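Given the coordinates of chain A, work out where chains B, C and D with the ligands should sit on it, guided by the hints.
Chains as they are written, first to last, in the numbering used here: chain A, 1 to 326; chain B, 327 to 652; chain C, 653 to 1014; chain D, 1015 to 1376.
I should point out that these hints are in silico values taken from the structure, not numbers from a laboratory. Some hints here could point you the wrong way.
Unchecked claim - Calculated lysine to any residue pairs in the SDA-like style (CA-CA distance at most 25 Å, straight line): (1) K998/C x E192/A; (2) K995/C x G194/A; (3) K489/B x G520/B; (4) K163/A x P994/C; (5) K1100/D x S436/B; (6) K1001/C x E631/B; (7) K1001/C x F651/B; (8) K998/C x E190/A; (9) K662/C x F1016/D; (10) K1357/D x F651/B; (11) K434/B x F1016/D; (12) K313/A x E188/A; (13) K252/A x K998/C; (14) K163/A x K998/C; (15) K662/C x D1280/D; (16) K1024/D x E899/C; (17) K893/C x D51/A; (18) K1255/D x G400/B; (19) K346/B x E509/B; (20) K47/A x D1280/D; (21) K46/A x G898/C; (22) K1168/D x S436/B.
What you are looking at is a predicted structure, and each value in this text was computed from that prediction instead of being measured.
Below, each chain spelled out in residue letters.
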Amino acid sequence: MATMTLLGAINHTLEQQMEKDETVVVYGEDAGFEGGVFRVTAGLQKKFGKDRVFDTPIAEAAILGSGVGMAINGLRPVAELQFSGFMFPGYNQIATHIARMRNRSRGKYSLPMVIRMPYGGGVRALEHHSESLETLFAHIPGLKLVIPSTPYDAKGLLTAAIKDNDPVVYFEPKKIYRAFKQEVPEEEYEVEIGKARVVKEGSDVTVVSWGAMMRETLKAVESLKDEDISIEVIDLRTIAPMDSETVVESVKKTGRFLVAHEAVKTLGIGAELISRVNEGAFFHLEAQPVRVTSPDITVPLPKGEHHFMIDAKRIAHEIKKLANFE
Amino acid sequence: MATMTLLGAINHTLEQQMEKDETVVVYGEDAGFEGGVFRVTAGLQKKFGKDRVFDTPIAEAAILGSGVGMAINGLRPVAELQFSGFMFPGYNQIATHIARMRNRSRGKYSLPMVIRMPYGGGVRALEHHSESLETLFAHIPGLKLVIPSTPYDAKGLLTAAIKDNDPVVYFEPKKIYRAFKQEVPEEEYEVEIGKARVVKEGSDVTVVSWGAMMRETLKAVESLKDEDISIEVIDLRTIAPMDSETVVESVKKTGRFLVAHEAVKTLGIGAELISRVNEGAFFHLEAQPVRVTSPDITVPLPKGEHHFMIDAKRIAHEIKKLANFE
Amino acid sequence: MFFEKYDPLKKEMFSVLDKDGKVINKEEEPDIDNDTLLHMYKTMVLARVADIKALQYQRQGRMLTFAPVQGQEAAQIGPMAASDKKDWLVPAFREAAAMLYKGATLKQNYLYWFGNERGSHFDEGVNILPVNVPIGSQINHAAGIAYASKILKKGEVVFTYIGDGGTSHGEFHEGVNFGGVYDLPMITIIQNNQYAISTPRAQATKADTLAQKAIAYGIPGILVDGNDVLAMYRVSQEALKRARAGEGPTLIEAFTYRLGPHTTSDDPSIYRKDEEVEEWKQKDPVDRFRKYLTNKKLWNKDKEEALQKELKKVVADTFKEVEKTGQYELDEVYDYNYETMPKDLKKQKEDYLNYLKESEGE
Amino acid sequence: MFFEKYDPLKKEMFSVLDKDGKVINKEEEPDIDNDTLLHMYKTMVLARVADIKALQYQRQGRMLTFAPVQGQEAAQIGPMAASDKKDWLVPAFREAAAMLYKGATLKQNYLYWFGNERGSHFDEGVNILPVNVPIGSQINHAAGIAYASKILKKGEVVFTYIGDGGTSHGEFHEGVNFGGVYDLPMITIIQNNQYAISTPRAQATKADTLAQKAIAYGIPGILVDGNDVLAMYRVSQEALKRARAGEGPTLIEAFTYRLGPHTTSDDPSIYRKDEEVEEWKQKDPVDRFRKYLTNKKLWNKDKEEALQKELKKVVADTFKEVEKTGQYELDEVYDYNYETMPKDLKKQKEDYLNYLKESEGE
Ligand SMILES: Cc1ncc(C[n+]2csc(CCOP(=O)(O)OP(=O)(O)O)c2C)c(N)n1
Ligand SMILES: Cc1ncc(C[n+]2csc(CCOP(=O)(O)OP(=O)(O)O)c2C)c(N)n1
Ligand SMILES: [Mg+2]
Ligand SMILES: [Mg+2]
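Excised from the complex, chain A in its bound form (with noise of 0.2 Å):
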């Protein structure tokens, strides 16, 4: 056991992986001979050559369409995209051939390939690197969408992710990148995909999150210590596919819902999951359940940014009134 951040998780996983499966390959922008913007692929191209370690041109399109090819032609392709507002250019890939390789073939070609990328704001920073785009990957049929909030489910998820032959897209909160060091076990394991979390049982509201926004709401959860309210706190984790029958099953017990995330409110994972609820509970609903969410608007720059993200505040006060709803 070794404690890691987040980060360091990833590049302990990556390293790991690579070392057991030679067919493993990271690359993007930087992500070779720098070891990545954040560095969380620092050290790896000194260990397996530039063959396996590679940076690319600047071309989403060529690095995600490469992997397609990689990952048919043998290889396990991980993809790094420098930020997941620069995921666009590349979208084409994903959308009309990452997503449907598989099925298009009727099963004579699959992806295993993995897109990581860092996503989410509050770390101050300028436009088009602070988004949340969990519902362009999970709107699409054929893709897998996973978000670690701890260095050991980053681990676990991963590792899993690399070992998928169907495509997975990892993205990392970078928020928390380096916020908190956690024992990871040094043994390969995996987290299930499409399994979510129970962090905290109780019966009278169920609270779910992820991502960077988890450690608010746990942040929110523990502010609320004093009063009597039991929280079921849920870490999502896994996005697509979701997992709403942990969901469901927790307000069958709660009959209170409340989800928290980043992403603007319209069509954010909340809708998805409110709709399940109702699909799965709805006479156990004892109040309309909560969106925390961001509004739809634009993330502003830094200077406006505290008018637009949640945090355990928010959340905190928003458990409150759906617990004290009669």
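For chains B, C and D with the ligands alone, kept in the frame of chain A given last:
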């Protein structure tokens, strides 16, 4: 008054607006000389010349990105994408620029532009020619998205879109391009963007749909006319901004809600509607809201499409179940 | 050495045969054994016959719209004949002839345009990617396959196709450039059939030739008579040599013409003059090659008649077989989206089956 | 005539000054009046001083990360000085110097990198687009502006900038090609500063020069000493002439070097040798131009000292002003997403205001 098909109404409206406003330009792949692969822009180049109606290279980012520049510099571009499935290579321009230029420049640059594209399935088409991608536009703050289901609305919404000083995405339900004719006034008129249309009043169930599925919904309702169910039918018509008010008011009255759409289920527009109905009319709901949608899979090629597309029969079946739910 | 002789800026066109099938460039006439020559010819004719029949079937409403290959057979058969079995073909959407030569069956080909994904499940060891609809995106797939071939030392070379119109797309740029950066074993063939649907080649780009776009990527580019199967073979041979030697990619512009419509939904008479089509019929790549073979005494009228008869039957029989498959089953639609179907999708499938049961007779 | 003389394949570099500011290409020395020469120089120095101070402020945590311009001032000021007020500037993200010359105020510039969108609301009649982050996409905007200029007969020419790394992007390809197809009044300047963050130019493309990419679009391309402000001016003059005459776009590769980090988050010592940086310091574009002006007796030490002092104060005062603006108000965030705020967004704003009220003191 003349009777027109939906396609004819679009062609007529483009011509009318180009006549009234010299800054309107129409362009896209094959949109000039031959008038588009569906002939929606037929006759316009001949009438207005090659500068204002033109063929572009096959380059969706250029089509949309140049539209940004044209709109900034005094034109009102109406860009055509050949099929909605080919919007992906230009999605970067849509999400990172078109939706944002006004906010980014704090109002210095607005983008009066329209992005037209045929969408939807059921026409025995090749891959990527059948998708319903509403979510990918409605989730992005700063965009508007409208979808006519009748020739009358086709004209009114397109007129409003062209006159709007903000960008409007205009989906054309190609399955009903020529399905039927309707009287359409010759003179200019607008259908307000952001306003749903109550097609038929009722008191037992609220059914919401739009585009080609509106037709299926109406058929479904017609097929139930001998049942003792009073159905309120709403054509959502403008997906973003979403007229939740009209929908919520209706559900307050009926207590039952069903949405029927072509897009896949997860994070389809239905999810957002259910969430808004929850937020606005939770205690009026007498049964769990119902989504009648395609499943979360890739649109099959035509020989499998019957397993994918919803139809009047399916909608009728689900309306009946919902109405009879105790 | 070979490519250095050709300056794409000069607009010279590489060719071996004239339009009557006579060799006009003896020193570059490729040395191909007779069996291969005949196999090349027969595949060209098969593609042609299949195409003509498919147009008929489509007009009768029995097939989907499709992208006819007529007129472009040489640009597709030459490169495939020069390649090895292990080499890859990454097509756009108009490469029926190339696919047939490379090992796709006619049944698969027809099944695809009949509207069934099974048509893209090629046999074991047949290195073809499915028909690719989003223009340009296939070039990046080809680059990735080539990258894997290179670092896994597989010795495979990747052929990929694109149209003249497609060269204006960003993905073309990114893919060909990517190939250049890593010296990948990748050969990009532009079939310049002079139109992108209704849009003439001149509207795609101001460049004088498309071959000259190679200069932007620091790789060789060559303009070839795309209706000359031997020229296409010869140039591919040299490009393959470069690729196998680790010298990197090559860009080939095959100057050709589509004799038919863009797809069956298209009416080319709107944008093309009859005379132009007539002129290109005189340069028909199949006729030219047949004359070459006839001159070589490898072919004659009787053989032609027999072949035509045989292939027409093969094609008709195949279509019958395909047509029998009809609409396909529910499992096909659901079961290939993931290796293991996620729980929520399983639930959707069950719900749908329930609906089918409940609604029977409604 | 001018561009015909330069063959981008030959890798010749157009220049007017040597690195000591001596004119080495007399016949191409542009004829610029003294006021303009001095204004060019002063703007270069302003950009330099603002840059150095911003780096300091950023290290103190008082500004966001930003993209320093140091070393690239000539490549930006030359073209802007050659252009008219009505011409457009469509920048990437490292064009602070160009923006300042074209009419953006230092305050706007600082405000933007302070994290406030107001910095992109330029004054009436100042034809600049906001800083553009998604690489390559600005080229298409430029093409569209040029299209409007052309068909509305405005006579405006559009300058757009991109980096060496950016030329590998699909949007670069589509945009420059689009300009070519319609003969648009559009000048694309590649600032080849030899790195894209840590990735060296050679990894961006195998092409020998970036200027030669023009050949792919059938337009002139020229390699210019990007640290020579007179060369940049002269070439822009000719490109403008072409554009105004309706002859279409030009591609200019400005060979230069960024003396600072990619952004303040970047540590260039990881990927660049000190000697390399030193070597390029010797070619500093500001120094070279100062020597030229000094030779011309337009400049001297005293003037330099006075200017430095003045500009340092201007910059410090401006930053103080900017810093005072602090975090901005709620309305700013909500009110500019649409001309008319949709109902549902109004509701969200109200809800948020309610929350703020309710939660006061929590
Ligand atoms: C990204 C994308 N945009 C648009 C289309 C629609 N489309 C299909 S074929 C075609 C024209 C292709 O022309 P060209 O590249 O010359 O190939 P050809 O059809 O002549 O073989 C277009 C625009 C598409 N398939 N993909
Ligand atoms: C589409 C996109 N992908 C990635 C990035 C992240 N990024 C910002 S600057 C940069 C390098 C740019 O290099 P170059 O084009 O040479 O310009 P320079 O920074 O040298 O001025 C990258 C990759 C981006 N801004 N946009
Ligand atoms: Mg073509
Ligand atoms: Mg650079």
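Do the hints match the structure? See the list:
1. K998/C x E192/A: holds, 17 Å
2. K995/C x G194/A: Holds, because 8 Å separates the two Cα atoms, which is no more than 25 Å.
3. K489/B x G520/B: holds, 14 Å
4. K163/A x P994/C: Given that 25 Å is the threshold and the Cα spacing comes to 16 Å, the pair holds.
5. K1100/D x S436/B: holds, 19 Å
6. K1001/C x E631/B: Holds - the C-alpha atoms of E631/B and K1001/C are around 14 Å apart, at most 25 Å.
7. K1001/C x F651/B: Holds. K1001/C to F651/B sits at ~22 Å (cutoff 25 Å).
8. K998/C x E190/A: holds, 23 Å
9. K662/C x F1016/D: The hint holds at about 21 Å.
10. K1357/D x F651/B: violated, 33 Å
11. K434/B x F1016/D: Violated - the C-alpha atoms of F1016/D and K434/B are around 38 Å apart, more than 25 Å.
12. K313/A x E188/A: violated, 37 Å
13. K252/A x K998/C: Measuring from Cα to Cα gives roughly 22 Å; hence the hint holds.
14. K163/A x K998/C: holds, 22 Å
15. K662/C x D1280/D: violated, 45 Å
16. K1024/D x E899/C: The hint holds at about 22 Å.
17. K893/C x D51/A: Given that 25 Å is the threshold and the Cα spacing comes to 22 Å, the pair holds.
18. K1255/D x G400/B: It holds: about 23 Å lies between the C-alpha atoms, which stays within 25 Å.
19. K346/B x E509/B: holds, 22 Å
20. K47/A x D1280/D: holds, 23 Å
21. K46/A x G898/C: Answer holds: K46/A to G898/C is near 23 Å, not above 25 Å.
22. K1168/D x S436/B: holds, 19 Å
Violated hints for the displayed structure, listed by number in ascending order: 10, 11, 12, 15.
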